[in-house]
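*Asks:* Each chain is listed here by its residues.
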Amino acid sequence: MHVDGNALAGPLSEIFTVDMTAAQGQCAGCGQAGPVAGLHVYGDAPGHAMGMVARCPGCDNVMLRLVRGPEAAWLDLRGTVSLRIPLG
Amino acid sequence: MPRGRLEWRIAELIQVKDETPTARTLLFDVPGWPGHLAGQHVDVRLTADDGYSTQRSYSLSAPDRVELTVQKVADGEVSPYLTEVLETGDKLELRGPVGGWFVWRPTGKAPVTLIAGGSGIVPLMAMIRARREAGGATPFKLIYSARAPDERYYAPELRRPEPGVDVTYLYTRAVPEGWTRPPGRITVADVNSGAWPAEFEPDCFVCGPTGFVEAVADMLVALGHDPRRIKTERFGPTGG
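Protein sequences appear in the order of chains X and L.
Under the working numbering, the first residue of the first sequence is numbered 20, with each subsequent residue one higher.
Under the working numbering, the first residue of the second sequence is numbered 2, with each subsequent residue one higher.
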């Protein structure tokens, strides 16, 4: 079972100073665009930000991977063409 | 909303209220809290004496204070502590507010449909309270699906008539006496009669367990709602 990209809000706020869940991401697999909040997020345990995988709701392609280690975070976006980040 | 990087803050529990036999509302004092929007959430972190630490996300239930309503999950790691052990005066670590997508602003002009499954009512209640606090005239419709009448959160508050806020209850396991709808999961007919029609172009907010949210989002799309106006928040099968 998955939750949605809203669950990335806290972990991504450790890295970025604007909210990334409202950003529109385009999938590198199928081209579908939608908010990061709408991605399907799978983790190894509920609430643990140690490892999270976010998949496209359209084609299941992995769009974002986030791993939080004790001293650094790894953010893998190879499945995302672009992120349109609102800066209002 | 640019801001600094998110940091953990110390929150002190200052008030507790039982909502149901297994859920309670916790009010925290958080020095330096920057304020938040209805629909946003916080991360809560607990650290054991041996250094083991775990965190969970909880929606804020009110727009003007750091208040959470937590459902006890029987085999959970965090919720039993928050619902049974934590006492006023105790402290924990909390960070937020986070999330800028599943939010409602009182400046919103479109009618609003809120659809809650179980504890998914929490961020939607924050939106109803934000509307009230702002003296807003935006018409709201809430469909609240709960297992049984005594599992509803905020029952006295939602029972009070509020102009412009229309509430429909659905029960999945047990119904009050004389209730005509048999217990059962939400159907497209329930959504059709309890929500604003698609031609009113309402903003729709759906929150609940993953299966509930996916089913309701599909129903809204089938009823002609623009997917871009449907905002969802799934909290997964357990929450913990």
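Simulated from the structure, these hints should not be mistaken for laboratory data.
All C-beta atoms in this analysis are idealised placements derived from N, C-alpha and C, irrespective of residue type, glycine included.
Mixed in with the good hints, there may be bad ones.
As the list claims (entries may be wrong) - Partner residues aside, some chain L positions facing chain X, computed with beta carbon under 8 angstroms:
(1) ARG10
(2) ASP44
(3) THR48
(4) VAL99
(5) GLY100
(6) THR211
(7) ARG230
(8) THR233
As the list claims (entries may be wrong) - With the C-beta cut set under 8 angstroms, the calculated list includes, among others, these residues of chain L facing chain X:
(9) LEU7
(10) HIS42
(11) THR89
(12) LYS92
(13) ARG96
(14) GLY101
(15) TRP102
(16) PHE103
(17) ARG106
(18) TRP180
(19) GLU234
*Asks:* Now tell me if each hint is right for this structure.
*Replies:* Hints and how they fare:
Annotation: ARG10 (chain L) was flagged as interfacial toward chain X, and the flag is violated, the nearest CB pair being 13 angstroms apart, outside 8 angstroms. Contact between ASP44 (chain L) and chain X, as hinted, is supported at the beta carbon level, the nearest pair being about 4 angstroms apart and thus within 8 angstroms. For THR48 (chain L), the shortest C-beta to C-beta distance to chain X is roughly 14 angstroms, which exceeds 8 angstroms, and the interface hint is violated. Interface restraint check: VAL99 (chain L) against chain X, minimum CB-CB distance 4 angstroms, threshold 8 angstroms, status holds.
Interface restraint check: GLY100 (chain L) against chain X, minimum CB-CB distance 4 angstroms, threshold 8 angstroms, status holds. Using the Cβ-Cβ criterion of 8 angstroms, the hint placing THR211 (chain L) at the interface with chain X is satisfied: the shortest such distance is roughly 6 angstroms. With 8 angstroms as the threshold, the beta carbon of ARG230 (chain L) stays out of range of chain X, its nearest partner Cβ sitting at about 12 angstroms, so the hint is violated. Evaluation of the THR233 (chain L) hint against chain X yields a held restraint, the C-beta minimum of about 6 angstroms falling below 8 angstroms.
For LEU7 (chain L), the interface hint holds, the least distance from its beta-carbon to any beta-carbon of chain X being 4 angstroms, beneath 8 angstroms. About 7 angstroms separates the beta-carbon of HIS42 (chain L) from the nearest beta-carbon of chain X, less than 8 angstroms, and the hint is met. For THR89 (chain L), the interface hint is violated, the least distance from its beta-carbon to any beta-carbon of chain X being 24 angstroms, above 8 angstroms. Because the beta carbon of LYS92 (chain L) sits about 19 angstroms from the nearest beta carbon in chain X, more than 8 angstroms, this interface hint is broken.
Taken as an interface hint, ARG96 (chain L) checks out: its beta carbon lies about 6 angstroms from the nearest beta carbon of chain X, inside 8 angstroms. The criterion of a C-beta within 8 angstroms of any C-beta in chain X is met by GLY101 (chain L), whose closest approach is roughly 3 angstroms, and the hint holds. At a threshold of 8 angstroms, the smallest CB-CB gap from TRP102 (chain L) to chain X is about 4 angstroms, leaving the interface hint in force. Evaluation of the PHE103 (chain L) hint against chain X yields a held restraint, the C-beta minimum of about 6 angstroms falling below 8 angstroms.
Given the 8 angstroms rule on beta carbons, the hint for ARG106 (chain L) is violated: about 12 angstroms separates it from the nearest Cβ of chain X. Because the closest C-beta pair between TRP180 (chain L) and chain X is about 31 angstroms apart, greater than 8 angstroms, the hint is violated. The interface hint given for GLU234 (chain L) holds, since its Cβ lies 5 angstroms from the closest Cβ of chain X, which is under the 8 angstroms cut-off.
Hints 1, 3, 7, 11, 12, 17, 18 from the earlier list are contradicted by this structure; the remaining hints agree with it.
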